[in-house]
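**Q** Listed below are the residues making up each chain.
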Amino acid sequence: MTGKTNPGNYFEDFAPGQEIVHATPRTVSEGDVSLYTALYGSRFAVQSSDILAMSLGYEAAPVDDFLAFHIVFGKTVSDISLNAVANLGYASGRFGGAVYPGDTLRAVSSVIGVKENSNGKTGVVYVHTTGLNQRDEPVLDFVRWVMVNKRDPSAAAPEPVIPTLDAFVGERELVVPGGLDLSNYDCTLSGSSLLWDDYQVGEKIDHVDAMTIEESEHMMAARLFQNSARVHFNQHAEKQGRFARRIVYGGHIISLARALSFNGLANAFHVAAINAGTHVAPTFAGDTVYAWSEVLGKTKIPGRGDIGALRVRTVAVKDNSCAAFPDKDTDGKYAPSVVLDFDYAVLMPRKP
Amino acid sequence: MTGKTNPGNYFEDFAPGQEIVHATPRTVSEGDVSLYTALYGSRFAVQSSDILAMSLGYEAAPVDDFLAFHIVFGKTVSDISLNAVANLGYASGRFGGAVYPGDTLRAVSSVIGVKENSNGKTGVVYVHTTGLNQRDEPVLDFVRWVMVNKRDPSAAAPEPVIPTLDAFVGERELVVPGGLDLSNYDCTLSGSSLLWDDYQVGEKIDHVDAMTIEESEHMMAARLFQNSARVHFNQHAEKQGRFARRIVYGGHIISLARALSFNGLANAFHVAAINAGTHVAPTFAGDTVYAWSEVLGKTKIPGRGDIGALRVRTVAVKDNSCAAFPDKDTDGKYAPSVVLDFDYAVLMPRKP
Amino acid sequence: MTGKTNPGNYFEDFAPGQEIVHATPRTVSEGDVSLYTALYGSRFAVQSSDILAMSLGYEAAPVDDFLAFHIVFGKTVSDISLNAVANLGYASGRFGGAVYPGDTLRAVSSVIGVKENSNGKTGVVYVHTTGLNQRDEPVLDFVRWVMVNKRDPSAAAPEPVIPTLDAFVGERELVVPGGLDLSNYDCTLSGSSLLWDDYQVGEKIDHVDAMTIEESEHMMAARLFQNSARVHFNQHAEKQGRFARRIVYGGHIISLARALSFNGLANAFHVAAINAGTHVAPTFAGDTVYAWSEVLGKTKIPGRGDIGALRVRTVAVKDNSCAAFPDKDTDGKYAPSVVLDFDYAVLMPRKP
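Chains as they are written, first to last, in the working numbering: chain A, 1 to 352; chain B, 1 to 352; chain C, 1 to 352.
Calculated directly from the structure, the hints in this document are not laboratory data. As the structure is a computational prediction, the values presented were derived from the model and not from experiment. Fair warning: there could be bad hints in the mix.
A pair counts as met if it fits within one copy or between any two copies, since identical chains are not told apart.
Stated by the list, open to error - Computed cross-link-like contacts, DSS-like style, restricted to lysine-lysine with a CA-CA straight-line distance of at most 25 Å:
| no. | residue 1 | residue 2 |
| --- | --- | --- |
| 1 | Lys-328 | Lys-351 |
| 2 | Lys-204 | Lys-333 |
| 3 | Lys-300 | Lys-4 |
| 4 | Lys-298 | Lys-204 |
| 5 | Lys-150 | Lys-328 |
| 6 | Lys-150 | Lys-300 |
| 7 | Lys-328 | Lys-4 |
| 8 | Lys-204 | Lys-4 |
| 9 | Lys-298 | Lys-4 |
| 10 | Lys-204 | Lys-300 |
| 11 | Lys-4 | Lys-351 |
| 12 | Lys-333 | Lys-351 |
| 13 | Lys-351 | Lys-204 |
| 14 | Lys-239 | Lys-300 |
| 15 | Lys-239 | Lys-204 |
| 16 | Lys-150 | Lys-239 |
Whenever a hint applies, use it, and build me the whole structure from the sequences.
**A** Shown next as structure tokens:
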């Protein structure tokens, strides 16, 4: 090797206040939308039909919120998590205006915290990432924290900085995409008559359907998102690794869970926030992903009579029906089948 | 479960005269076209080149007729066949004007027949489905009948209503997409000099080529079509099922057979009708699909000297060459390798 | 069979001077670009972002050079290599102006050489293929030679004609896409600060990353390119064949190697020439492809101070790290892990 390749950043390379402009801006296209549909089978009507979306005030069918998220996330991998041991969590994710095919996304991050682990070999890095479109408008931003290897275990530990993160995104920070007017919302075409008013806090929904993951699918997804994390792609190396297999990109499970949630949350037409998220266990090709959701909260949107927000926790589970809602126990220990615990906010039409 | 999910309709839920508006309208895009090409490898020139299509009077390259069919079909699954035991047949399928990227398709169905089976556990439902574009023009319609479970085996049987279905779509019902003029048809670019005049009734063609199906391919196809039938996706459940495997969406075989038929029917540039179709046996990942065709009829198109129609029967076969034309015997029993028997009409240029 | 299918050409069917117009012109779309990204994970910024491409003088993000190459190549298979035993080599490949989504490509070839092999069963055919866009402008041309079966081993051998081929494409033949001005080139967004000036002749780069190939991926790729070679698709037949498996389209490896080369050659924003190429060994699903490159030459582009060309040799390797640069030995015998030896020219920005 001649120093021409990117070795990725190590724990020592991160310092609070550091700004990182990520490479490879990406024009999102109708082709990306079709692949997203083919990979996840999403059936939310707003993202499927230009005509329906325009009847609600969108310029066209917006791309799936998690397609935008994964594209922005993918750009950060080479700089943030190429030497990461684990993706520990998400918080404070907010989706701004709609992203349409033709928009060009880029990503910038700032380091907002570092803390060396007591073993001296790794540390936790907290990063705030923003996705911007071609007009430099933020389309989404989020915080994530990852455990990253140190280059040199003998290097001195930095002063720990741990950011204060809200438990969830407040109702005043939830953005309704500009120009929306849901008075024409069509519950026949959306696939369900259940609106915001019909959901109760504490209610649990088994989404019933499930998807078995294939190697080519999760790799095509990660490549579509230009995610360069090696563990997803190289079976020759991974067969010597911790799991002897390629690891599925965690975001693949988020998108599968969101698509499965259509059956029960069909009118949750937009994801407005990511409150928290944990990849509880890795997933692999051959795993079958089920999902269930719990309504954690309901909020009105200030100034809007037509739209409400639900705070939802969707739990993805592998190789196990969700009829019994597999969850964590009172000690916080997850059932062995749980792979994702995702707390987010969705927008939903209210009854007139 | 809290009643928030769609349990699908059971036999008792269907009654003749009932109208169903299906959910999730879909804007067809260039991305769908590319995925269709990647999944089936179709080489028909009209659907491949805007320039060539426009030279014949199309506005642009139309999307493959079966891409439109599968998208419309997919919308009906949640309402019609979520609790279906078997997809029994197709009839009276007619393709209208061309579908282009940018068109938005939706589907409506009417129930035209019901008949309880003698076992009292299932019944047959006959449905007429129409796909409409954003101008409310029908782009295709077809009848299918499915065997559906009863919710309650003790429920009384309805008065049987069995629709009268034509054996095939008559020549006067075959629609030539508007504005077509084949005087510039280029047999070099289309890949074959064989025109309508060169085919004889009774002639059989072994399409020679074959495609092995992978799990990710048939699942990506079904998801692209937003087909929600569970048997295609959930290996964890299906391993306990009748075949211990996920079942390939029947339409996947139709599209594979149509793409394979290019080698022998390269100038069959448009599918104008589906006369009849039977999924003789299920297919699974790992199966290799071959196809052969028989010319069942030839008709001129009233008022057109440049275009003729062939009535073709294409038989798809698995894990067996079609050199010997595997078929049904004189008792109507199919050879074990046959998976699809599909009777349809194609348009083809005539010799000047 | 009734003579309706294409049996492909045999060695006797080729004669020097023969011109072949290939079938199935193809409009390249944004869907093709997305699939290309999903199949290879390419991260070159110019092909990823319309905004960035336009800042350099492109009309939009051009499609990947090898996407255009594979589409043109795919058209030639039915006429040139359906009965080929082996794809022996490439030479004199030149890429012209940029190809954009919306362009329609077609392919024409001329036979420039034939030589029967001494066994009397096969012969080598040399073909010069040109890809043209809708304005009849050449977008790429190349020579390839293939070993083709004779239809009749007793047929007389033709007079051998072996074309003279240059070892590499000269600097004066390298085309800079029209209107380019790299003064706004952004090394942050491109992912590397290393420019033409930073590379030395003789330098070797291990691209570090690797991709494991799945059956569905290489088949989807070959179908996207409308490549009809049977060995890629039919496991039922191939299990009786030489390798008992489907063979991956050789071009799939070229594209994987090019995408992997981003890590080390991120600013090689355009492939301008193919000097030579050999598929050293076949690849199969399950193989993991690594790549390394060697800088064979550096040339300035006449009249351009902003752009230089590197002549690069990229070697793709399977199931073996490239840390030790697996190569051929002094007798020209390749290490068993080498699958591709590809000599080409890339354009790269020069330091201001």
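**Q** Decide, hint by hint, whether the structure agrees.
**A** Going down the list of hints, with the structure as the test:
Proximity of Lys-328 and Lys-351 under a CA criterion of 25 Å is satisfied in neither setting, with 34 Å inside one chain copy and 57 Å between copies. Only within a single protomer do Lys-204 and Lys-333 lie at most 25 Å apart by alpha-carbon distance; the minimum there is 19 Å, versus 50 Å between protomers. Proximity of Lys-300 and Lys-4 under a CA criterion of 25 Å is satisfied inter-copy only: 21 Å between copies versus 53 Å inside one chain copy. With identical chains, the CA atoms of Lys-298 and Lys-204 are at most 25 Å apart within one copy only, with a shortest distance of 14 Å there and 59 Å across copies.
For a Cα distance limit of 25 Å, the shortest separation of Lys-150 from Lys-328 qualifies neither inside one copy, at 32 Å, nor across copies, at 37 Å. For the homomeric pair Lys-150 and Lys-300, neither the shortest alpha-carbon distance inside one copy (45 Å) nor that between copies (41 Å) is at most 25 Å. Proximity of Lys-328 to Lys-4 under the C-alpha cut-off of 25 Å is restricted to the inter-copy arrangement: shortest distance 23 Å between copies versus 46 Å within a copy. In this assembly of identical chains, the alpha carbons of Lys-204 and Lys-4 lie at most 25 Å apart only when taken from different copies (9 Å versus 52 Å within one copy).
In this assembly of identical chains, Lys-298 and Lys-4 lie within 25 Å of each other by CA distance solely across copies; the values are 17 Å between and 52 Å within a copy. Only within a single protomer do Lys-204 and Lys-300 lie at most 25 Å apart by alpha-carbon distance; the minimum there is 20 Å, versus 60 Å between protomers. For the homomeric pair Lys-4 and Lys-351, the shortest alpha-carbon distance between copies (16 Å) is at most 25 Å, but the shortest distance inside one copy (59 Å) is not. Taking the closest pair of Cα atoms, Lys-333 and Lys-351 never come within 25 Å of each other, the shortest separation being 38 Å inside a single copy and 56 Å across copies.
For a Cα distance limit of 25 Å, the shortest separation of Lys-351 from Lys-204 inside one copy, 21 Å, qualifies, whereas the shortest one across copies, 60 Å, does not. Proximity of Lys-239 to Lys-300 under the C-alpha cut-off of 25 Å is found in neither arrangement, the shortest distances being 50 Å within a copy and 44 Å between copies. In this assembly of identical chains, the alpha carbons of Lys-239 and Lys-204 never lie at most 25 Å apart, being 39 Å within a copy and 27 Å across copies at closest. In the homo-oligomer, the alpha carbons of Lys-150 and Lys-239 lie at most 25 Å apart inside one protomer (24 Å), although the nearest pairing across protomers, at 44 Å, exceeds that limit.
Against the hints set out earlier in the document, violations occur for numbers 1, 5, 6, 12, 14 and 15.
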